[in-house]
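Number of protein chains: 2
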Amino acid sequence: MSDNDAMTAARTKTPEPSAAPDSRATSPAAPAPGPAGTAGMGLRERKKLKTRIAIRDATYRLIREQGYEATTVEQIAEAAEVSPSTVFRYFPTKEDIVLTDEYDPLLEEDLRARPADEPIVESLRQVLRRAVRLGPAEEPEISRLRTKLMVEVPAVRSRMLESMSVTGRMLCRVIAERTGRDAGDLEVRAFSMGLIGALTEVSAYWAEHDHQDDLGDLVDRTLDMLSTGFRA
Amino acid sequence: MSDNDAMTAARTKTPEPSAAPDSRATSPAAPAPGPAGTAGMGLRERKKLKTRIAIRDATYRLIREQGYEATTVEQIAEAAEVSPSTVFRYFPTKEDIVLTDEYDPLLEEDLRARPADEPIVESLRQVLRRAVRLGPAEEPEISRLRTKLMVEVPAVRSRMLESMSVTGRMLCRVIAERTGRDAGDLEVRAFSMGLIGALTEVSAYWAEHDHQDDLGDLVDRTLDMLSTGFRA
DNA sequence: CATGAATTGAGAGTAGCTCTCAAAAGGTGC
DNA sequence: GCACCTTTTGAGAGCTACTCTCAATTCATG
Chain A
833 MSDNDAMTAA
843 RTKTPEPSAA
853 PDSRATSPAA
863 PAPGPAGTAG
873 MGLRERKKLK
883 TRIAIRDATY
893 RLIREQGYEA
903 TTVEQIAEAA
913 EVSPSTVFRY
923 FPTKEDIVLT
933 DEYDPLLEED
943 LRARPADEPI
953 VESLRQVLRR
963 AVRLGPAEEP
973 EISRLRTKLM
983 VEVPAVRSRM
993 LESMSVTGRM
1003 LCRVIAERTG
1013 RDAGDLEVRA
1023 FSMGLIGALT
1033 EVSAYWAEHD
1043 HQDDLGDLVD
1053 RTLDMLSTGF
1063 RA
Chain B
833 MSDNDAMTAA
843 RTKTPEPSAA
853 PDSRATSPAA
863 PAPGPAGTAG
873 MGLRERKKLK
883 TRIAIRDATY
893 RLIREQGYEA
903 TTVEQIAEAA
913 EVSPSTVFRY
923 FPTKEDIVLT
933 DEYDPLLEED
943 LRARPADEPI
953 VESLRQVLRR
963 AVRLGPAEEP
973 EISRLRTKLM
983 VEVPAVRSRM
993 LESMSVTGRM
1003 LCRVIAERTG
1013 RDAGDLEVRA
1023 FSMGLIGALT
1033 EVSAYWAEHD
1043 HQDDLGDLVD
1053 RTLDMLSTGF
1063 RA
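Chains A and B supply the protein sequences, listed in that same order.
Under the working numbering, the first residue of the first sequence is numbered 833, with each subsequent residue one higher.
Under the working numbering, the first residue of the second sequence is numbered 833, with each subsequent residue one higher.
No lab work stands behind these hints, which were simulated from the structure alone.
On a predicted model such as this, the values are computed, not experimentally measured, just so you know.
Where hints are given, some of them may not hold.
Remember, identical chains collapse to one label, so a pair may be satisfied in a single copy or spanning two.
Claimed, not checked - Listed next, the in silico SDA-like pairs over lysine to any residue satisfying Cα-Cα at most 20 Å (straight line):
#: 1; residue 1: K926; residue 2: P986
#: 2; residue 1: K980; residue 2: Y900
#: 3; residue 1: K926; residue 2: A987
#: 4; residue 1: K926; residue 2: R989
#: 5; residue 1: K980; residue 2: R878
#: 6; residue 1: K926; residue 2: V985
#: 7; residue 1: K879; residue 2: A909
#: 8; residue 1: K879; residue 2: E910
#: 9; residue 1: K980; residue 2: A1039
Whole structure, please, built from the sequences with the hints as guidance.
In structure tokens form, the structure reads like this:
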């Protein structure tokens, strides 16, 4: 998912190979292949990647040390040893440095790999379970910092809706393909955003409770509720 | 709802009596009584109200004339005949001038008025249906401009998540009260945000299709889908 | 009408973000 | 290795949203 919801925990700062600078509003979900090494790409690309990672790492570090608002882009630039303008070339906004990731394509792939007759909620459960297990093993603090920022920093929280829409559209495509409906159908769209909304709230819940619960369990409970009824 | 979703159509620029300046982050949902005349309040309050309305009207007019981004706060201030600082005293951000409204309390009231054993989705349907019918009769262009801005202007879109959360929390309270659960329960929260997410998408759909569909119908279709299954 | 509180305007300052332009570095053909 | 073209970068100017402070004005109240 482009960056919200429960999946947040599965995120890593892993490189994004084809992540071109200036991936503006037009392409929020870059066509980035899965996390891979820096194998077989020009010096240029490798440098870009390094810069991107440097900026992100510097940002996380500074935010952890002094908080989000206290951290200016200038500081980030200095810490990453680039100019401020370069920072903006890599990330459209300061919030995006924290939020941007490229796991939607992966998720989409995983979802499509599930049997087509499986209820989408069940597919999501399986896919998310795996993601939750695998992801944060490497860098739990980053996922936690992220979800925490989502809850605490208004600017970050705001930007999240963007991510939600992107992920929502992805879900629309998958659902449309399975059901034979159009991805632009009202029902498909509303359904997808309903799911995303619920799952995003799970992340918020998790962060608000200081990440003490098991994220996988929370997701399970939520999906159970949604599939069994969604009524009150 | 604090300002998103299908309800948008029911919004009016109607005065907000107790709308104190500087209603910052702490109180997104001002304890504003329903739309009422300027009856029985001091000169001061009336003046504040007039200022608030003047700012909002000026904003809508300017945005309609030259678009959102092209409209600066200075222009708004000038058009409303106040100083820029005053604008910020009334609205924390530029986006809030467009988005802020105070109908959550009304909605909450309406929801509580429904029979407690009615499924929440059904209650919502009734309440929203009424709101959609009554609201836009007075000023349809404003609702439409709003939903359009939500879809088209990233900054506005972003800010919307704030509204969604507020409305979501309201829904949590209502549901909690009905079911005897806690308003902070994971299930209650996820359920509420799921609903809000779906309904917000309805607004987006409506706006993207140039408001050609009947909003009431769209809401109906969505709630039908959610109550009958929420499965795909 | 005098005192105190609320509201406002003016203005300076910060930071996010955009844009332009010239310098530097990577890639490619000879 | 060299010249040529493209990409990336840094420097810096500039805009605007937003914050904060302080003094002036306006309203409410005894």
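To test your reading of the hints: which numbers does this structure violate? 5
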